[in-house]
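Visitor: Working from the sequences, and respecting the hints, build out all of it.
For the record, the sequence lines run as chains A and B. Residue numbering for the first sequence follows the working numbering, beginning at 7 and increasing consecutively. Residue numbering for the second sequence follows the working numbering, beginning at 7 and increasing consecutively.
Fair warning: there could be bad hints in the mix.
Identical copies look the same in the list; a pair holds intra-copy or inter-copy alike.
Stated by the list, open to error - Mimicking PhoX-like on lysine-lysine, the simulated pairs with C-alpha atoms at most 25 Å apart in a straight line are:
id, residue 1, residue 2
1, K149, K28
2, K170, K222
3, K188, K252
4, K88, K117
Since the hints were made in silico from the structure, they are not lab data.
Chain by chain, the residues run as shown.
2 protein chains.
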Amino acid sequence: MGIKIGILGYGNLGKGVECAIKHNSDMELAAIFTRRAPESIKPKTTNIPVININEAKNWIDKIDVMILCGGSATDLPEQTPKFAEMFNVIDSFDTHAKIPEHFNNVDKAAKYGNKTAIISVGWDPGLFSLNRMYANAILPNGKDYTFWGKGVSQGHSDAIRRIKGVKDAKQYTIPIDAALEKVRRGENPDLTTREKHTRECFVVLDEGADPKEVEKEIKTMPNYFADYDTTVHFISEDELIKNHNKIPHGGFVLRSGKTGWSNENSHIIEYSLKLDSNPEFTSSVLAAYARAAYRLNKEGSFGCKTVFDIAPAYLSAKSGEELRAQML
Amino acid sequence: MGIKIGILGYGNLGKGVECAIKHNSDMELAAIFTRRAPESIKPKTTNIPVININEAKNWIDKIDVMILCGGSATDLPEQTPKFAEMFNVIDSFDTHAKIPEHFNNVDKAAKYGNKTAIISVGWDPGLFSLNRMYANAILPNGKDYTFWGKGVSQGHSDAIRRIKGVKDAKQYTIPIDAALEKVRRGENPDLTTREKHTRECFVVLDEGADPKEVEKEIKTMPNYFADYDTTVHFISEDELIKNHNKIPHGGFVLRSGKTGWSNENSHIIEYSLKLDSNPEFTSSVLAAYARAAYRLNKEGSFGCKTVFDIAPAYLSAKSGEELRAQML
Numbered sequence: 007m008g009i010k011i012g013i014l015g016y017g018n019l020g021k022g023v024e025c026a027i028k029h030n031s032d033m034e035l036a037a038i039f040t041r042r043a044p045e046s047i048k049p050k051t052t053n054i055p056v057i058n059i060n061e062a063k064n065w066i067d068k069i070d071v072m073i074l075c076g077g078s079a080t081d082l083p084e085q086t087p088k089f090a091e092m093f094n095v096i097d098s099f100d101t102h103a104k105i106p107e108h109f110n111n112v113d114k115a116a117k118y119g120n121k122t123a124i125i126s127v128g129w130d131p132g133l134f135s136l137n138r139m140y141a142n143a144i145l146p147n148g149k150d151y152t153f154w155g156k157g158v159s160q161g162h163s164d165a166i167r168r169i170k171g172v173k174d175a176k177q178y179t180i181p182i183d184a185a186l187e188k189v190r191r192g193e194n195p196d197l198t199t200r201e202k203h204t205r206e207c208f209v210v211l212d213e214g215a216d217p218k219e220v221e222k223e224i225k226t227m228p229n230y231f232a233d234y235d236t237t238v239h240f241i242s243e244d245e246l247i248k249n250h251n252k253i254p255h256g257g258f259v260l261r262s263g264k265t266g267w268s269n270e271n272s273h274i275i276e277y278s279l280k281l282d283s284n285p286e287f288t289s290s291v292l293a294a295y296a297r298a299a300y301r302l303n304k305e306g307s308f309g310c311k312t313v314f315d316i317a318p319a320y321l322s323a324k325s326g327e328e329l330r331a332q333m334l
Numbered sequence: 007m008g009i010k011i012g013i014l015g016y017g018n019l020g021k022g023v024e025c026a027i028k029h030n031s032d033m034e035l036a037a038i039f040t041r042r043a044p045e046s047i048k049p050k051t052t053n054i055p056v057i058n059i060n061e062a063k064n065w066i067d068k069i070d071v072m073i074l075c076g077g078s079a080t081d082l083p084e085q086t087p088k089f090a091e092m093f094n095v096i097d098s099f100d101t102h103a104k105i106p107e108h109f110n111n112v113d114k115a116a117k118y119g120n121k122t123a124i125i126s127v128g129w130d131p132g133l134f135s136l137n138r139m140y141a142n143a144i145l146p147n148g149k150d151y152t153f154w155g156k157g158v159s160q161g162h163s164d165a166i167r168r169i170k171g172v173k174d175a176k177q178y179t180i181p182i183d184a185a186l187e188k189v190r191r192g193e194n195p196d197l198t199t200r201e202k203h204t205r206e207c208f209v210v211l212d213e214g215a216d217p218k219e220v221e222k223e224i225k226t227m228p229n230y231f232a233d234y235d236t237t238v239h240f241i242s243e244d245e246l247i248k249n250h251n252k253i254p255h256g257g258f259v260l261r262s263g264k265t266g267w268s269n270e271n272s273h274i275i276e277y278s279l280k281l282d283s284n285p286e287f288t289s290s291v292l293a294a295y296a297r298a299a300y301r302l303n304k305e306g307s308f309g310c311k312t313v314f315d316i317a318p319a320y321l322s323a324k325s326g327e328e329l330r331a332q333m334l
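Guide: Structure (structure tokens):
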């Protein structure tokens with residue numbers, strides 16, 4: 007019997023978790039939980055129960071880890087504490103500024119229920135955070151850089167879609183090579199927002215909408231686009247569907263640091279991801295941490311944790327002996 | 007009072023640890039231990055005791071963590087178990103095939119002494135191992151690649167120096183860009199030894215030695231050079247001292263993996279290091295894990311561990327709260 011996983015929320019992330027379970031032979035999907043009408047959900051896995059979220063409490067003994075696949079804006083702040091009382095849970099909460107508050111809420115709930123919760127799992131926050139932390143601990147005297155892309159930013163795509171006259175849109179965040187190269191050469195540049203990334207937008211207009219107006223509104227939008235060099239392409243709906251139907255992403259975390267008695271030696275640590283599917287990769291990280299939550303709970307390690315608190319070996323299906331012999 | 011560190015062995019690695027302690031404000035150097043005549047050692051730190059290794063047992067109460075800076079061939083197999091009975095210890099044991107045996111010996115000793123030992127710390131084994139392991143856990147369906155360099159291989163430089171007619175030599179291991187690019191493009195190539203790295207040698211001859219003979223002997227040396235495209239440059243001793251006096255190194259760990267219901271999406275995880283000084287960077291990793299050993303021992307977590315067993319937060323001088331607020 008594998009680790010029994012429940013998926014809460016069957017959007018892109020939930021579907022990705024379903025695929026990730028298929029790739030991990032020590033896990034099995036137990037049920038999908040949804041706020042929608044269960045009969046409207048068609049899982050890829052055959053014969054898998056789809057259950058209304060309100061029935062989850064009846065599944066406490068049948069689920070080892072519940073992976074919460076909702077959004078950070080409104081779903082997770084409410085769902086993670088609520089479900090952490092009943093289940094071991096994993097979430098991908100990514101509102102950086104609210105992580106401490108979310109952590110405290112989930113910690114209280116998980117300790118109350120003797121459950122193990124791991125929050126903010128994914129690649130940023132998640133693997134990028136891990137790499138920032140390891141690199142900082144190793145090179146205390148240094149400077150951090152994070153670049154995102156090339157990839158689709160859902161938040162920025164949504165912001166364009168909310169503009170009057172826009173039918174649909176995809177926005178790509180693109181790291182600027184020249185800036186990346188400066189960092190790699192150890193120049194420790196101070197980079198403005200504009201110097202780090204450009205933004206490229208593919209926009210489908212409503213009939214009769216004025217492209218000049220829409221372009222201006224995008225390019226001057228505060229926070230989202232005003233501080234960037236932004237390119238806007240108007241394309242047909244067919245083109246958008248045909249050429250921009252994937253959700254790639256990725257990015258780079260670098261730390262440039264000095265060692266030696268007089269800081270005479272420089273070092274660059276670089277971590278990068280190039281992802282065809284942002285949600286499927288994120289889901290794969292969630293699945294690995296679900297294994298960790300399951301094991302930690304068995305050991306009696308209750309409460310809320312983040313990627314910083316989890317010894318790497320807990321993520322792997324291999325034993326300590328196998329890891330030392332094969333991977334060290 | 008900081009974490010009191012002892013350094014055992016004052017070669018390149020020991021000197022690197024001395025520098026690393028200077029960069030970590032929560033650590034202090036307590037003493038240097040040596041097999042040489044203590045008065046022959048001139049530490050950079052002022053007023054630091056230099057002690058004969060046989061006196062180490064008198065320092066049990068004055069050292070929180072002993073960092074063992076000897077070699078893997080003969081020093082560490084003997085020293086780490088011996089000192090793990092008396093001290094929390096860190097070593098950089100890097101004979102991959104003998105790690106399981108070394109682990110068992112050190113584990114027994116550390117448990118006997120209620121001490122915490124972390125072995126095989128550095129970048130390979132060490133940070134590279136961590137990245138292999140994380141990437142494997144996240145993308146179970148994939149392929150691993152490790153490239154080393156550009157950097158000085160001490161073992162290969164030594165092998166050249168043992169050839170008759172060679173006065174001195176430095177050997178650089180160089181990853182082949184075309185192979186690296188194939189991996190980055192997700193082509194999952196099967197690469198031979200020759201396709202992954204080239205070797206470049208800078209050799210100073212003894213007077214009267216025959217360069218043709220030496221070159222042939224290098225290029226045909228089994229295991230070390232025969233399977234590689236090797237370039238040999240003969241230079242003067244002055245040039246070697248002037249242009250090849252550093253010990254740079256680095257490398258790349260990549261995992262290429264598939265996700266999706268039918269493996270339809272590809273992902274590349276890449277980790278790389280570019281190091282001006284191999285020993286100083288390795289020492290910086292040792293220092294961070296010394297912090298972890300100190301804390302784990304305080305928590306009563308005894309025995310031998312590797313980087314796989316250490317939750318990342320233990321490496322950082324920051325608290326869990328600070329890490330969540332600043333780095334997640």
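Visitor: Could you run down the list of hints and mark each one as holding or not?
Guide: A quick look at each hint next to the structure:
1. K149 x K28: Between copies only: 18 Å across, 40 Å inside.
2. K170 x K222: within (12 Å within a copy, 74 Å between copies)
3. K188 x K252: between (30 Å within a copy, 23 Å between copies)
4. K88 x K117: Within one copy only: 12 Å inside, 41 Å across.
Checked against the numbered hints listed earlier, the structure breaks none of them; every hint is satisfied.
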